[in-house]
Amino acid sequence: MYARYVLSRLVHAVIAVAAITVVLFFLLRLTGDPTLLIVGPEANPEEIARVRTAMGFDRPLPEQFLSYVGHVAGGDFGRSLRYNQSAFSLVLERILPTVELAAAALLIASVIAIPLGVIAAIKRGTVIDRIAILASLLGQTMPVYWLGLLLIFAFAVGLRVLPPGGNSEPASLILPAVTLAAFLAAQITRLMRSAMLETLGQEYLRTARSKGLTEAAVIRRHALRNAAPPVLTIIALQLGQLIGGAVVTETVFAWPGLGQLLLQAILGRDFPLVQAAVFVVAVSVVAMNLLVDLIYPYVDPRMRVS
Amino acid sequence: MLLGDPAALLSAIVLLIIGVAAVLPDLFTTMSPIAQDLRASQTPPFDDPRHLLGTDALGRDLWSRVVHGSSVSLTIALLTVLLSGGIGTLVGLISGYRRGIWDSVLMRVADIQLAFPALVLAVAIMSVVGPGLGNVIIVLAVNGWVLYARVIRAEVLALRGREFIEAARAIGCRDRRIILRHVLPNVAASVLVLASFNAAQVILAESTLSFLGIGVPPPTPSWGSMISDGRQYLATGWWISTVPALALMVTLLCFNVLGDWIRDRLDPRLQIP
Amino acid sequence: MNRARVFPALLAFVLIAQACAQAPSTSTPSGAAKTLDRVTLASPTDFPSLDPSYRTSVAVAHALINIYDTLVTFDKDLKLAPGLATSWKSVDPTVWEFTLRTGVTFSDGEAFNAGSVKAWFTRLQEIRDKALGASSIQLIPSVTDVTAVNDTTVRFTTSQADPTLPGRLATYFTSITPAGPFKAGDTKALMAAPVGTGPYMVKENVAGDHLTLVPNPKYWGTAPAAREIVYRIIKDAAARAAALRSSQADVAFDLPIAELAGIGGDKNLTVLAKPEATRVYWFLLASAAEGPLASKQVRQALNYAVDRKTIIDKLLAGHAQETSSLVSRQAFGYCDVPAYTYDVAKAKQLLAEGGFPNGFTLDVSYSPGNTTAEEQVVQAVGSYLADVGIKLNYLQKDLLPRIADLSAKKTKGLFYLGQTSPLPDADYIFGEFQPTGIAGWTQPLTGQSQTLYLQERKELNLETRAKLACDIQKLQRDEAPVLYLWQLDLINGANTAKLTWDMSSDGIFRASRVTPK
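Residue numbers (the working numbering), protein chains in the order written: chain L, 1 to 306; chain U, 1 to 273; chain P, 1 to 517.
What the hints contain is simulated information worked out from the structure, not anything from laboratory work.
Beta carbons are placed, not taken as given, at the ideal position from N, Cα and C, and that holds for glycine.
There could be a bad hint or two in this list.
[Claimed, not checked] DEER-style ranges, computed between Cβ atoms:
1) L:Leu10 / U:Arg174: 43 to 53 Å
2) U:Arg39 / P:Asp363: 21 to 31 Å
3) L:His71 / P:Phe360: 26 to 36 Å
4) P:Gly355 / U:Pro44: 39 to 49 Å
5) L:Ile15 / U:Gly134: 27 to 37 Å
6) L:Gly70 / U:Gly134: 49 to 59 Å
7) L:Thr53 / U:Ala154: 36 to 46 Å
8) U:Arg174 / L:Arg130: 48 to 58 Å
9) L:Ile15 / P:Thr436: 28 to 38 Å
10) P:Pro141 / L:Thr53: 14 to 24 Å
11) L:Leu138 / U:Arg174: 22 to 32 Å
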């Protein structure tokens, strides 16, 4: 039963990645001609036309597509038009900083938001709860780049205690991670609070209390355990999304991550680089979803395999 | 009932005022949001009685731009939510009710949409269709429908086994009638709750598009482009981006507070990601 | 998990991070000459290719110039000076002869001699003929052949007399490359692994993040002061200013106007501003053949409609000089043509004469964030044009796709451009208005202007050539092929508590001009 479930999820994952690869090809071709990337802005029209022919960008679309599929199926994404290096290895170089940033942000967010959400739920209606709600609302209303700029202004230019960007030293991670964490923390606080509120009202907690367990034990052993799965799911899915989604933060802090590379590549029509980067992002999102799907039956006994 | 919750009541009133400003901006300001006056460039707030909230680098009145910007933000929020909510709800209904091949295909499309980097899609679409308010709405809606589709599908799946649906099928009602008469009313509350949160997300997303240079083109005053344009003047004119940022935050705050209130009333178990 | 445990942990994290942040960046003087351990530059663009034989973005010049040498160089005021060639002369109207420096080797050990120059030229031809990319041969279009007379003498034969050749051989894209790296047939070997005769070599080039240069031990000239140069890629102008202000960078290129007061107020920092000799700003007017822009009166009307002075004062903090010439003030052949004044009545009258009394709508294409206050400048111009009835559709796009559209002749209406000219010579700019140039299809030189240009480009007498160039500028002032704007200052910043950068008027970062404080 579980084996069949795993197999069907795997098939879905592969279909999703394959479909994205195909859709992306045609979407990119709609955006225009990438020849200029190879020749640079100083080229004249005649040179551009010659290089276009030499690179095959004037061949019929189906022909280009078949050659693309053939290469990608063999794991070859081609060379970046801008950097003239293997597109896939350029993407791989960026994965580490991106994961570093995403992990740091998720860590900071979880460390703040999970306790905050739990406490807010337990002390529902008190001042603590109200503060938690307000903080989480503010975190979700602040444009990320605006927050990032304010932090740079305060801590890098004003107080001069932290570097404003780059990743040349360990301290460079702090500002972008905090910026990215703000929105996540708000989201997690909110989810944690409502998940806790729901479990706290359940029958079995009343039973547990009636058995004479202390309130702390009830919360730790029963409420938290039942409220955790949906929150963990969101955190896992966020991690997948963050691999390709921290574009704004990476841009504001000149953080050399995948998001920034992807943004520059798509703005500059560097097709092979976009294709390699989107492939990696799609695989990580799909893999995270798959992971959640596969472990869910274990962490949450209420969820039956369907 | 709204009276019982002061925060929700206040949010509703503020949103109402912003809504009026969006429809009838002339009630709030007589100045043009696009008229430039370079001689009045970067006037600080409360410095010149004609420009109470100051001016931007081009000498445009910030109060007037914020007021007219509310119409852009609310238009984007309203139309995007209608578009993505409509499509997403329809997909969720069909997928959840019909199941089988329809469900498989639609949910695979949703998977693909979720794993496709939103930014790449946005930049690619914008470079194909060109800049413009309408195209910004399309981009945001394309990225937003999955949220509705997934939540509604789950609800429909749960409803499907309920007695009144079974009964309707037993007496030979056609599927379309069952979906419209029996299923839709039962998921409407969730759609409403999703929409109120989604409206806030959409307004925030518009400001991100502006930051990335693919937002609403000038001279239309959108809050997102105002914050984005003003950021390079943080050192000499902090108000240029702070004024629209505050307007944006207040609006989003109200949408969220009101969304929470609606959810608590209608559908307390719904988890908003 | 509770708060009592969480917060000390977080605090410790922040404290450790701070300690790291404050690790001192040392600058230890060693030996007789004072040196700098490391100079960090905040650069808006990255360095995708470091092979000068392919013409890519002009921004790569900041690195090329420190890795390679050219036969001729520019001094601080952009006058010609010896480079790899110690002297040059015209031995025949169509032959230039260069005497080469001896004792020069490339950083990989290959000797530099007349054969190297010959091999370099052959390679430029190959890049063009095999359509491998945009060959730098375009910068020396008149050259038909290069011959080695002996080891230290080389002759360039041109299709017709070319007075600009020595200057053209001083531009960074004509840097001399070695023959060795291409022996294996990899025509793009130098892009990632450059080999030159210049003062520095590449240690590391991480796409989109940083480029690190270290001294070339085989360099023929005086060893430069900086023992390491790091170009950190920071696309956002405000972020570059922040890097300079927080001592993350010692030099920042292209600072935003709004940050100048803050930087000027810091006693360790200095704003380095001077007119950029190699760039003039304007809007190209596409296309000539049809629509309102085909009318000379309409083009003149556009020029009268804009109050450049106020824009310069209010948006550019005075860091620009208005101009109505195609040629920059510091370039050879510039002549002082009367600037268009701000005259709304005249603009309206000209529009009516051109057949558009009620105005019209045009597209305007630009790249926000690409040059100083680009977004604000374009909108301000748009507001002035609206005053005379010309409405603009604003089309924002990244620079490269925008230029691609221009090359593909898909641009309509106004195109905001800071036109660079690596060679500060009127002849180069006129070339851009030829069919092979970037503006060739928008409003090409025609009629009398074109006749004069064909004479100018082969005139060896400096005075006569300057006169011809001046006449073309006067004609083009009235022809109004562009909406003339201004010359903008280069606005860079340096940490002058640590170093001195004696900036040239092309603003290109020559590491040899950096000395420790």
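Please name the hints from earlier in the document that this structure breaks, with their numbers sorted from lowest to highest. 1, 3, 6, 7, 9 and 11
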